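**Student:** So the sequence lines, in the order shown, correspond to chains A and B.
Its first residue numbered 1, the first sequence is counted upward by one per residue in the numbering used here.
Its first residue numbered 1001, the second sequence is counted upward by one per residue in the numbering used here.
Hints were generated in silico from the structure; no laboratory data involved.
Bear in mind that the values here come from a model prediction, so they are computed numbers and not experimental data.
Quick reminder that beta carbons are idealized off the backbone N, C-alpha and C, glycines included.
Treat each hint with caution, since some may be false.
Unchecked claim - Pulled a few chain A residues facing chain B out of the computed Cβ check, cut under 10 angstroms:
#1 Leu55
#2 Ile85
#3 Ile87
#4 Ser91
#5 Asn93
#6 Leu94
#7 Ala111
#8 Arg155
The residues making up each chain are set out below.
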Amino acid sequence: MKSNRVPLVVEDVQKAFGANEVLKGISLSVNRHEVVCLIGASGSGKSTLLRCINLIEPIDSGRIVVEGEEITAEGVNVNRIRQRIGIVFQSFNLFPHMTVLQNITLAPRQALRIDGKNAQERALGLLERFGLLDKKHEYPDRLSGGQQQRVAIVRSLAMKPDIMLLDEVTSALDPELVAEVLNAIKELAEEGMTMLVATHEMSFARDIASRVCFLDAGKILEQGPPEQIFKSPEHPRTRQFLQRIIAAGRL
Amino acid sequence: MTAGDTGPDRKLDPIEAVSPPSSPPTLGRGSRVLGNRAVLGSSASTILFFGFIAVVATMAPGSEIVRQRFFSWFHLKQSFLGTGGTPSVAEAFLLNVEIFTISEMLILILALVIAIVRGMPGPAFFPFRVVAVAYTDLFRGVPLILVLYVIGFGIPGLGLRFFSYLSDVTYGIVALVLVYSAYVAEVYRAGIESVPESQNAAARSLGLTRWQALRFVILPQAVRRVIPPLLNDFIGLQKDTALVSVLGSIEAARAAQIYGAAQFNYASYVVAALLFVLITIPLARFTDRLIARDKRRRQAGAIA
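Model the full assembly from the supplied sequences, consistent with the hints where possible.
**Tutor:** This is the structure:
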C-alpha cells in the first residue's frame, strides 16, 4: 500500500563540489502530510539537499528513497522519478515564451501523456484555487514576482506530485509580495501536501512546519517541533543563528 | 566581379551577433522626436552631403563616359528586358530567387540538426559531436567558390548513376547549403547556449526528457533569439547565389556579364545590382523590426 510508505527517506547523503563538502551525511525522513522546514544560514546545504532529492545534482554517497523506491540506485529512470517530486525554485524559472496555461500544461501533456483537454481542465482548476484564473493567457513577463511564483507552484502541482520541494521560494520577491506566496503554501499544507521547505522566513516556518531542521555546515544539528526549536533550542549554534535572525527583525 | 564578393568569410561572430545592437534603428522616426531646428539642421546636412558627392562625381574627368557605360537609360532598359541575342537580367534573376528560396529552407533544417548533434551530451554521442565539429570547421574554412567547383565538377566526374547527372543549379544549391549550414549551425548553437541553464533544470525537474526539454523549452527560446543574425546570414546567402554562375547557370550576374560583353556596356551590372539590393532591403527592414520588437518586449518585461 502506497499510503503506508514513507514519502521521503534520506540516508547519510554526502555531496561535495570539488573540495567543498556541502552535505556531510544528512539523514532525514518526511512522513505523509508532514511539512518539514529546513532552516540555516546561506551555504549550509539546504538548496543542495533539495536539488539532490530532485536528482538535479548526483549524490556522492548515501541513498534517497521516495515512496519505498530507491531513486539514487543505478539505472533508475530519472524522468519518472522527477514526475513524482515537485520542486519550486527561488527564481521561478517559468518558461517565458509560453503563456501561464501553456507553462502549466506542458509537463502533464508531454511527460504524463494526459490529453490536452484534461490537462487544461486540471490547470484551470488549480489556477482558480490560487486566484490566478484571469492570468491564464498572460506571459510570465507581465506578471508580478508573487504571481509568477504562484504559477510556478501550480505548474509543479499539475503533475500531482507525491511530495513538493520548495527552495527559498520567497527569497527573490519584494517584501510586499511574500505574503501571497506564503499563503498559497499554507493552503497546500492545510490540504495535507507533503512538503520539504527550505526557507528564511522563520515566522512562516513556525506557523506551518510540523518539524523544523536546523542545518549547519552540511549537517542537521538539531530537529524537532517548531516550538522546541524556536523557543528552547538545545544547540548553541542554533541559538546563535536564531539570535541573529531576531536581531535582523525576521522573527 | 560578381555580386557575391561579400563571402560568408566576413560574417559576424554568431555570439556577437546575438547580443542586442547598441543603438536601435530609428529609421523614419527621428523627425517626430526632433524639433524644428533639428529638422532644418538635418535637412541642410543631408543636402550638403549628397550635393558634395554629386559635384565630385560630375566633375571627375571620366564622368561622361561612366554615365554612358553604366547609366545609359537605353541599356538599362534593354539589359533588363533582354535582346534577341542576350538573356534578360530580370528573368535570370528569377533563378537567383529560386536558388536562395530552396537553399534557405534546406539550410534551416540541416543547420538545426548539426547544432543539436553538437550539443548532445555524454560519451555515447562523442563520434557524432566530432563529425558535427569537423563539418562546421571544414565548411566555414573553405571558400564557397572552391566548394562550388568541387561539388559542381567533382560529383559529375565520379560517374555515379543518379548523383552525377543533376543540373548545375542543383549542384550550386548543394554547395550553398553545405557552406551556409555550417554558419547557421553556429548561430543556432549560440542561441541554444544563450538560454539559461535554469530553464533546462526547470523543464527536467518537471519530468520532461532531455529531448522534450530541448524541443519545447530550449529551442523555441533559442530560435527567437537568433532570428536577427539568422536573417543577416540569409541576406549574405541571397547575394552569394550569384556565385552559382561559375558552374554555368545563367543567373542575374552572369546574364549581366553576357550583356556587357555583347554590347560593350555595363548598365546590365547596375540592373543586376539594383535587383539584388531590391530583394535584400525588405529582409533587412524585417530584421530591424524583429530586433526592435524583441527589445520592446524585453523592456516591457523589465517594467512589469
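**Student:** Given Ser91/A was flagged as interface, is its beta-carbon under 10 angstroms from a beta-carbon of chain B?
**Tutor:** holds (6 angstroms)
**Student:** Grab the minimum C-beta distance from Ile85/A to chain B and call the hint holds if it beats 10 angstroms, violated otherwise.
**Tutor:** holds (8 angstroms)
**Student:** Under 10 angstroms, Cβ to Cβ, is where Ala111/A needs to be relative to chain B, so tell me if that hint holds or is violated.
**Tutor:** With a minimum Cβ separation of about 4 angstroms from chain B (threshold 10 angstroms), the hint on Ala111/A holds.
**Student:** Interface hint check: Arg155/A, Cβ to nearest Cβ on chain B, cutoff 10 angstroms. Holds or violated?
**Tutor:** holds (7 angstroms)
**Student:** Can we keep the Leu94/A interface hint, with Cβ of chain B closer than 10 angstroms?
**Tutor:** Result: holds, 8 angstroms to nearest chain B Cβ.
**Student:** Would you check whether Leu55/A satisfies its interface hint, that is, whether its CB is within less than 10 angstroms of any CB in chain B?
**Tutor:** Hint on Leu55/A: holds, closest Cβ of chain B at ~9 angstroms, below 10 angstroms.
**Student:** Does the closest beta carbon of chain B sit nearer than 10 angstroms to the beta carbon of Ile87/A?
**Tutor:** Check passed: Cβ of Ile87/A comes within 5 angstroms of chain B, closer than 10 angstroms.
**Student:** Double-check Asn93/A for me: the hint is only fine if its C-beta lies closer than 10 angstroms to a C-beta in chain B.
**Tutor:** Because about 4 angstroms separates Asn93/A from the closest Cβ in chain B, which is inside the 10 angstroms limit, the hint holds.
Checked against the numbered hints given earlier, the structure satisfies every one of them.
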